[in-house]
Amino acid sequence: MARARKPVSYQPIPPDLVARIRRSALPVGLGLLGLSIVTTVALVFVAVRWTPRLPLTGTMVGLQAGAVIEAFIVAVIVLSLPEHVASGYLDRNAGFAARRNAIVFWLAGFAKTAFSFVVLPLALSINFDKVDVGLGLFLAGLLPALALALYGGFAVAFVRRVVPRLS
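Going by the numbering used here, the sequence shown opens with residue 47, and the numbers climb by one from there.
These aren't lab readings, by the way, just hints derived from the structure by calculation.
Mixed in with the good hints there might be a few duds.
Said to hold, decoys possible - Derived Cβ-Cβ restraints for the label pairs, each shown as a range: (1) GLY134 x LEU76: 22 to 28 Å; (2) ARG68 x ASN147: 18 to 24 Å; (3) LEU185 x GLN57: 43 to 49 Å; (4) LEU185 x ALA140: 39 to 45 Å; (5) PRO167 x PRO58: 50 to 56 Å; (6) ARG206 x SER133: 19 to 25 Å.
Positions of the beta carbon are idealized from the N, C-alpha and C atoms, including for glycine.
Let's have the full structure, built from the sequences with the hints guiding it.
Pasting the structure below:
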């Protein structure tokens, strides 16, 4: 038996909120996309340079690559907000889905980033005496992922503030 769909109910949005969404969604979404690209480049550097010497960094790269994909999804959600509110109305189901999906994907990416911060010291402790580790591994392996996780949290906070709550 097919499940019944929720009825579509449109909620009017104040014009100043529509203008704020149109004005702010593009910079926030493009910033998150740009940071995803920078993190991807850093991950390729870590994968090519460090994975042959420290095999567990491959796990870190895989975890952070998953976080990058989820940050990309959050960026798409943020960039699609102006189209959702273009008419001055917002479908409550679409608004709820945008808020929920942004939060879920960011939390999943944040958890993967946090776990990758645990994997790197583990990888270093196993092979610490065999490999000369410089500052490049820490800068390329941790800094872009941390910036991506924090900026992704900012983007999710933006989505939560601009999409009205269900009443």
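Results for each hint:
1. About 24 Å separates the C-beta atoms of GLY134 and LEU76, a value consistent with the hinted range of 22 to 28 Å.
2. Checked against the hint of 18 to 24 Å, the pair ARG68 and ASN147 passes, with Cβ atoms roughly 20 Å apart.
3. Between LEU185 and GLN57 the CB atoms are about 46 Å apart, so this pair conforms to the stated range of 43 to 49 Å.
4. For LEU185 and ALA140, the Cβ-Cβ distance of about 40 Å falls inside the hinted range of 39 to 45 Å, so the restraint holds.
5. The supplied range of 50 to 56 Å is met by PRO167 and PRO58, whose beta-carbon atoms lie about 52 Å from each other.
6. About 22 Å separates the C-beta atoms of ARG206 and SER133, a value consistent with the hinted range of 19 to 25 Å.
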